[in-house]
Amino acid sequence: MDKKVVVLGIRQDNGTSFISLPIFLWIHLATVLNESLESERITYLGSDPMLFFVLVGLVATSISLLGCIGALFESIFLLKLFTGGIMLSLVLEVLSGIVVFSLRQHIKSSLQNFLMVAMLQYQDDLDLQFIMDEIQAGLQCCGVKSYLDWKANLYFNCTSPGVQACGVPASCCVNPLENGTILNSQCGFGTLGMEEFAVQSTIYLGGCVPHWFLYGFILLILLVPCFLIIPATSSLCTCL
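Numbering (numbering that gives the first Met the number 0), first residue to last: 0 to 239.
A hint or two may mislead.
[Said to hold, decoys possible] Restraint ranges, calculated between C-beta atoms of paired labels, are given here:
no., residue 1, residue 2, range
1, GLN122, LEU50, 27 to 33 Å
2, ASP123, MET193, 22 to 28 Å
3, CYS157, LEU125, 22 to 28 Å
4, PHE196, LYS144, 44 to 50 Å
5, LEU125, MET193, 26 to 32 Å
6, ASN174, GLU92, 45 to 51 Å
7, VAL93, LEU182, 39 to 45 Å
Note that these hints are calculated values from the structure, not bench results.
Think of the CB as a built atom: it goes at the ideal place given N, C-alpha and C, for glycine as much as any other residue.
Kindly produce the complete structure, drawing on both the sequences and the hints.
In structure tokens, the structure reads:
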């Protein structure tokens, strides 16, 4: 029987490796947020918020390895453990979705507070600047609720004497590249002092919080069927 062996779990037919990769990316993000927003180091390991992400990553990796090893050695026992792990993950996903939905207003408020802090400290904290730029460029948004939120920034405020006055970061620009190769860091300068219809082709007008929840809802709609199909497929493979 021909088998498809994938090194290091980069890609597996069971799909669980795609769960672990975002988890570890979130660990890096949590590290940056922890260093940027906390003034004191966390002394006790049990109180470290990153511990949760580490544990989830370890569990996801373990389930993925069970499926890989079970398929490699044709072990029915390991494949059944893998299927059980996937089913348990599905249940936890549904429960987590219910909890997140019930706490959506609190999550939205916390997200708004974080993005506002990132905006206010945009020039002073390179980590927050990087995260804010990635969020705005990735979600094609600008500011918290709208691009006008950048007026709260000391340097982008229209009363600022600097060259950034009445501007927004380049990550807000629809096309921040000149000739498709060179980043134009001044593409958003002066946009806060112009009418909305005049800048809608230059920068993104919508805020990141509404976009975040919109894309999150769409992603949830797309992923739920996938998580329903994976256990069924795994069970079928086990029976075969």
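Status of the given 44 to 50 Å range, CB of LYS144 versus CB of PHE196 = Violated - the Cβ-Cβ distance for PHE196 and LYS144, about 19 Å, lies outside 44 to 50 Å.
For the range 22 to 28 Å, tell me whether the beta carbons of CYS157 and LEU125 fit it or not.
-> holds, 25 Å
Status of the given 22 to 28 Å range, CB of MET193 versus CB of ASP123 = holds, 26 Å
If you check the beta carbons of LEU125 and MET193, does the distance land in 26 to 32 Å?
-> With a Cβ separation near 29 Å, LEU125 and MET193 satisfy 26 to 32 Å, so the hint holds.
Should the hint that VAL93 and LEU182 are 39 to 45 Å apart at their CB atoms be regarded as holding?
-> Roughly 42 Å apart at Cβ, these two residues keep to the hinted range, so it holds.
Is 45 to 51 Å a correct range for the gap between the Cβ atoms of ASN174 and GLU92?
-> violated, 37 Å
How does the Cβ-Cβ distance of GLN122 and LEU50 compare with 27 to 33 Å: does it lie in that range?
-> The hinted range 27 to 33 Å holds for GLN122 and LEU50, with Cβ atoms some 32 Å apart.
The structure shown violates the earlier hints numbered 4 and 6.
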